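Chemist: Chains as they are written, first to last, in the numbering used here: chain A, 30 to 289; chain B, 110 to 384.
Treat each hint with caution, since some may be false.
Claimed, not checked - To spell it out: a stretch of chain A is covered by chain B in this simulated footprint if at least three of its residues, at any positions, have a beta carbon under 8 Å from a beta carbon of chain B; those stretches are:
#: 1; segment: 45-55
#: 2; segment: 100-111
#: 3; segment: 137-143
#: 4; segment: 226-238
#: 5; segment: 242-251
Simulated from the structure, these hints should not be mistaken for laboratory data. All of these numbers come straight from a predicted model, not from anything done at the bench. Glycine included, every Cβ here is placed at the ideal spot set by N, Cα and C.
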Amino acid sequence: MTMQRLFAPVTLALVLIFLIGPFLVIVAASFSAGDTLAFPPQGLSFKWILKVFTVESFRQSFVTSMFLAIGGTFAALLLGIPASYAMSRYKLPFAETVRGVVSAPIIVPGIIVGLALLRYFVVPIGLSITLALFLAHTALVLPYAVRVVSASLNNLRSDIEEAAVLLGSSRLGAFFRVVLPNIRGGILSAFILGFVTSFNQVPVSLFLSGPGVRTLPVDMLGYMEIVFDPSIAALSALLAFLSVGIVFAAERFLGFSRYV
Amino acid sequence: MFQNRAEALALALPAAIFAGLVFLVPVILLLSEGFRVADSWTLSAYVDFFSQPLNRAVFLRTLKLGALVTVCAAVIGYAAAFAIVSLPPGAKGRMIGLVVLPLMISPVARTYAWIVILGRTGIVNQALTAVGLTDAPVRILFTETAVFIGLLQLFLPLMIISLISALENLPKDAIPAARVLGANWFQVFRKVVLPLTREGVVIGGTLVFTGSMTAYITPAILGGSKVLMLETLMYQRVTVAGDFVSASVIAFILIVMSFAANSLLKSLATARNRT
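Isolated chain A (complex conformation) (with noise of 0.2 Å):
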C-alpha cells in the first residue's frame, strides 16, 4: 500500500526534474563566473548575461527575430482574419480546399518549407534576404492565425451581425463594429501564439537566412558550434524567460488557453 501511495509524488517529482531541470540548469549555467561551461557553476556573476548584449551578431539577428515574428504574424492575421470570415458566414465554394491550402504549413516540416521557397521563389524572382523569411514567417503563422481566429468566430452568434445589416449597418460596418469587438480577445491569442512560434522556428528560417541577416535562433545554433563560453545559456535563459512571460501574461489577462 505505501509504494502505491509513494508512486504518484515520485513519479511527478522524476517527470519534473526531467522536464524543467534542465531549465534551471541553463539559469544557474548563466550566472557563472568561469569561462567555460559548467555546473555547479564556477562563482557568481552576471557577466556573461551582460555579454549577451554586446555581441553585435545578437543585436542584429534578435531585431530581425522580433520585425518577423511581429511583422510576419501581422500579415497573417491581415490575410488570415477575412479567410476565417468567408470560411464561417459565407457559403464559400471550395471551402475545404481553402482551408487544405492555408493550413498545409503547419503539417510540412519546417526545413522543407525553406528549402522550397528558396529554390523555387526567392532564387528565380531574385528576392531579397529579408524579403524572403518575412514570407516564409507568414505563411509559417498563417494556419494559426486562421485556426485561431476561426475559433472564436465559431464562438460568437452570426445573428447579431446578421441583425445590423437588417438594421441598415453595412456589411464592412457591422464586421467592423459588431464582429470585431468581439473577437478581440482571439485576435490578440492568434498574435501571441504566432509571435511566439514565429520567434522560436529554427527550420523555416536555415536555408533562407544568408550573409547578414540571420533569425535569432539561426545565429545562436552557428555561435555554439565556435565558442563555447556561457553566453549561449545566458541568452537561452534570457529568451526562455520572456516566451514564459509573454505567454503568463496571456493567460492572466487573456485567458488565451481557451483559444489555443
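Knowing the structure of chain A, use the given hints to seat chain B on it.
Modeler: Showing chain B alone in chain A's frame:
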C-alpha cells in the same frame, strides 16, 4: 450565413493565393525534382538514395529513434498522467501548467541545456567521476543516447497532455471494479485502461513520432555530424554538396510520414464525432 459568393471569394482568396504561391507550388516543384531525371519521370533517384549505406543508416536511425522516443514517452506519459489526474483540482491545474511550460521555451534553449548536463565537464560526468565509476569523462554528447534524451524531453509534454485528457474520460469505477473482480495491475492496464484510452495514446504517439522524425534542432546540437537524422542529412546534402535530388527524396519521405500521421489523427477525430 451570407450568400454572396463573390464577396466570399474576395475575402478568402488573398490567403489562399498567398499560401499557394509561397508554399504549395514551391513544395510541389521541390518534390517533383526527385522524380525527374533528364526530363523523364523515374524512381532512379530513390533507388540511388537507398543504395547508399549512409542514407539507409540515417533513414533507419530516424525511424528507430522516432519509435523508441514514442514508446518511452507513452510509458512515462501513462505513469505521469495517472499521477496528475489523481491530484486534487488546484494542484492538477498547476501541474499541467508545469508540464506545458517547456513547450513555450525555445527548442534551441531547451536542447542547449543538455550540453551543460551531458558534456565532458557536465553534471553527469562529474557525478560518475566522483562516485568512481569512471576515471576519464564518458562521451555522451554526439551519440544516439544524447539525441534520444533530447527528443524525449522535447516531446514528452505532448504525450502527457494527450493522456491526461484520455484518462479524465475514463469511468471512475472502471479500475476499482476490475481490481475487485481479481485482475492484477498489469491486467487492469491491458484489458481496461489501454482499450479505453487508445485514442489518447494514438494522438500523443502520432505527435511525438512525427515530431521526432522531423526534428532538426535536437540532432543538430546533440548529434552533430556523427549522429545524422533525416533533416540534418538533408541540410548537409544541400549545403555541403548542393545535392538537391537527395534533398527532394528526403523531403518526400518526411512529407509522406507527416501526412499519414495527420490523416490518422483526422480519422480518429471524425470517428469520435460520429459516436
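Chemist: Look at each hint and say if it fits the structure.
Modeler: These are the hints, each one checked on the structure:
1. 45-55: Satisfied; 8 residues make the cut.
2. 100-111: holds (count 3)
3. 137-143: holds (count 6)
4. 226-238: holds (count 6)
5. 242-251: holds (count 3)
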